[in-house]
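> Sequence:
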Amino acid sequence: MDIPEIDLFEIIKSVSGILLSVCFAVAYFPQIIRMIRNKSSKDVSLGMLILNLIGYSSGLVYITSNDIARFWVVVNYTSGICMTILTVFFWKYYIRKEIER
27 MDIPEIDLFE IIKSVSGILL SVCFAVAYFP QIIRMIRNKS SKDVSLGMLI LNLIGYSSGL
87 VYITSNDIAR FWVVVNYTSG ICMTILTVFF WKYYIRKEIE R
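Just so we're aligned: the sequence shown equals residues 27 to 127 in the working numbering.
Because the hints were derived from the structure by calculation, they are not lab data. All values reported here derive from a predicted model rather than from experimental measurement. Each hint should be verified, as a subset may be incorrect.
[Claimed, not checked] Below are the PhoX-like pairs computed for lysine-lysine, each with C-alpha atoms no more than 25 Å apart in a straight line: (1) Lys-123 to Lys-65; (2) Lys-68 to Lys-123; (3) Lys-68 to Lys-118; (4) Lys-65 to Lys-118.
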């Protein structure tokens with residue numbers, strides 16, 4: 027009976043990729059929650075969100091066009107784009123509410 031060999035380096039690589047993607051995606055939650063609680067987006071910089079969106083999009087194009095794409099890096103950039111778009115949505119929603127007041 028052969029016991030499968032555990033490659034610690036492969037486990038560390040996989041866990042690191044998962045943590046990378048989760049942390050970058052979850053990093054937007056506090057800002058979104060703050061906007062929802064305060065019903066305000068005045069503390070959020072639209073410029074920062076636009077730069078994030080450009081950065082994540084450019085990074086995704088770069089890694090996929092240069093054949094260096096790895097699963098967790100693609101997940102990271104894709105989730106970053108999605109979370110930035112979600113944050114922009116809430117920013118726009120609450121900025122419109124503030125103008126209507």
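> Please flag the earlier hints that this structure goes against, numbers listed from lowest up.
none
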